[in-house]
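Chains as they are written, first to last, in the working numbering: chain A, 1 to 105; chain B, 1 to 199; chain C, 1 to 226.
None of the hints are false.
These stretches of chain C come out as covered by chain B in the derived footprint (C-beta under 8 Å, 3 or more residues):
#	stretch
1	55–68
2	71–84
3	206–215
To be clear, the hints were calculated from the coordinates, so they are not data collected in a lab.
Glycine is no exception: its CB is placed at the ideal position from the N, C-alpha and C atoms.
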Amino acid sequence: MNGIHDLGGMHGMGPVNPETDEPVFHADWERRVFALMMAIPGSVYNIDEFRHTIERMEAAEYLSTSYYEHWLHCLEVLMIEKGQFERAELEAAWSNAASAANGSA
Amino acid sequence: MADHDHTEPPSDTALRVKALESLLLEKGLVEADTLDAIIQLYEHNVGPQNGAKVVARAWSDPDYKARLLADATPAIAELGYGGVQGEDMVVVENTSDVHNLLVCTLCSCYPWPVLGLPPVWYKAAPYRARAVSEPRAVLKEFGVEIREGVEVRVWDSTAELRYMVLPERPAGTEGLGEDELAALVTRDSMIGVALVEST
Amino acid sequence: MNGIHDMGGMHGMGPINPEIDEPVFHADWERRMFALWTAAFAAGMYNDNEFRFAIESRSAEEYLSESYYQHWLVCMEKVLIDKGQFTRADLEAVWANAPGTGASGGGAGSGQALPADQVIPVFMGGASARIDADVAPKFKAGDAVVARNINPAGHTRLPRYLRGKGGTIEKDHGVFGFPDSMAHGEGETPQHVYCVRFDAREVWGESAPARDSFYVDMWDDYLDPA
Numbered sequence: 001m002n003g004i005h006d007l008g009g010m011h012g013m014g015p016v017n018p019e020t021d022e023p024v025f026h027a028d029w030e031r032r033v034f035a036l037m038m039a040i041p042g043s044v045y046n047i048d049e050f051r052h053t054i055e056r057m058e059a060a061e062y063l064s065t066s067y068y069e070h071w072l073h074c075l076e077v078l079m080i081e082k083g084q085f086e087r088a089e090l091e092a093a094w095s096n097a098a099s100a101a102n103g104s105a
Numbered sequence: 001m002a003d004h005d006h007t008e009p010p011s012d013t014a015l016r017v018k019a020l021e022s023l024l025l026e027k028g029l030v031e032a033d034t035l036d037a038i039i040q041l042y043e044h045n046v047g048p049q050n051g052a053k054v055v056a057r058a059w060s061d062p063d064y065k066a067r068l069l070a071d072a073t074p075a076i077a078e079l080g081y082g083g084v085q086g087e088d089m090v091v092v093e094n095t096s097d098v099h100n101l102l103v104c105t106l107c108s109c110y111p112w113p114v115l116g117l118p119p120v121w122y123k124a125a126p127y128r129a130r131a132v133s134e135p136r137a138v139l140k141e142f143g144v145e146i147r148e149g150v151e152v153r154v155w156d157s158t159a160e161l162r163y164m165v166l167p168e169r170p171a172g173t174e175g176l177g178e179d180e181l182a183a184l185v186t187r188d189s190m191i192g193v194a195l196v197e198s199t
Numbered sequence: 001m002n003g004i005h006d007m008g009g010m011h012g013m014g015p016i017n018p019e020i021d022e023p024v025f026h027a028d029w030e031r032r033m034f035a036l037w038t039a040a041f042a043a044g045m046y047n048d049n050e051f052r053f054a055i056e057s058r059s060a061e062e063y064l065s066e067s068y069y070q071h072w073l074v075c076m077e078k079v080l081i082d083k084g085q086f087t088r089a090d091l092e093a094v095w096a097n098a099p100g101t102g103a104s105g106g107g108a109g110s111g112q113a114l115p116a117d118q119v120i121p122v123f124m125g126g127a128s129a130r131i132d133a134d135v136a137p138k139f140k141a142g143d144a145v146v147a148r149n150i151n152p153a154g155h156t157r158l159p160r161y162l163r164g165k166g167g168t169i170e171k172d173h174g175v176f177g178f179p180d181s182m183a184h185g186e187g188e189t190p191q192h193v194y195c196v197r198f199d200a201r202e203v204w205g206e207s208a209p210a211r212d213s214f215y216v217d218m219w220d221d222y223l224d225p226a
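The following block holds chain A by itself, in its conformation from the complex:
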């Protein structure tokens, strides 16, 4: 697809901004997302399905979210599409996580 991910040759994308002494992960949730994606058995999805799920992100969202947010998006969308869980189960998990966070605050 001719999506926003196909950035080769585009102007106006801003400076490259390398980070000095960059850590492997920038937040604990990034660690978790990376590990989750890697831990899911290869029989559930393939690399091309993974890539295409990210490419299908809405363009503005693709540009405004970070790399591991793309992965998180992919995890949620692809697992629902693959029938691993349902949207309602994910939403219930969101509620539980929010309650737990409030309870521990």
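Given chain A, work out where chains B and C should sit, using these hints.
Coordinates of chains B and C only, in the frame set by chain A:
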């Protein structure tokens, strides 16, 4: 990099516009009455009702239609319409063999004197991206089914020419006068994303 | 520039979502913004191409997340500062004070405002972008041409989806200024603009319907003989 001496713009867009307006008024770059007159003109006086009258005249008068298709700007001026964003007009005719569709992939070029200001969807990314690569699918979403033998022509307004579609006159309108015909003509039919219906 | 604005043929932009009975403006600030822009434009404070380039220069993320009239707002601020009509400090002074009170602390005005009684004659009269210059056309109707493969970082009106594609000159529209130079204060570079026809299959490949086509207006400097 953060410069704390900078004042950030108001996060409320309405307030930021008001700030710009007050600055331009104070600098003498605009006048308040002028702003009101411009809004009145483009919100109430200029709109697709103008283009509809051009279409109705073309359907009713073959000589006028010939002039309109040959050189649209003076023909449109015969009805009293013209001006900014319509100084150099081209009218393209839908027939049983050809369906025309207008887009501006690069920004939002649109024929103001005959259609007014463009709708949000015309200016937004989805239409601009898709009108050129899958015009038939876009037309279908607007409820227009194009037969396979019909040529779809997409006009991408990249220069300072402005386009308007002369839609096909629907069957069953033979007895109607120009005012009645004009009432049938929609904005979307003059962009090319709709057909004119007889009722 | 190969910016996000040049979106002809891009996927993933979402549904079109036409609004039923859409109003001309969706908020009062849009009305004011439209009027401010057109009044300043009519007073000659900038040209179309300079303004278009300012919009194209928004970051892709800003371009996609801002609304149409928000583009006009931030770009009008920028262009008028660039043109010296007021300074960034003038604008910040208005932001810091209650906007609308007129307390900007700026200097005297330049007095080039368009008067209200000129709105109808100026806007209903218009000003054609045609240039009365004796420039020879490079092509004539029926000529086979190829859209050049150019990738300028500045403003251009040659969309990416047509670069390198072959078409046919349909009509010579006459002489106009060249956007690629006019956007950057480099003069009008007057030249002919043509309506060029491209077959849909030439542009999008074999999956496009055989009879479909594009008609796109192109300047001499965008075209080579085929």
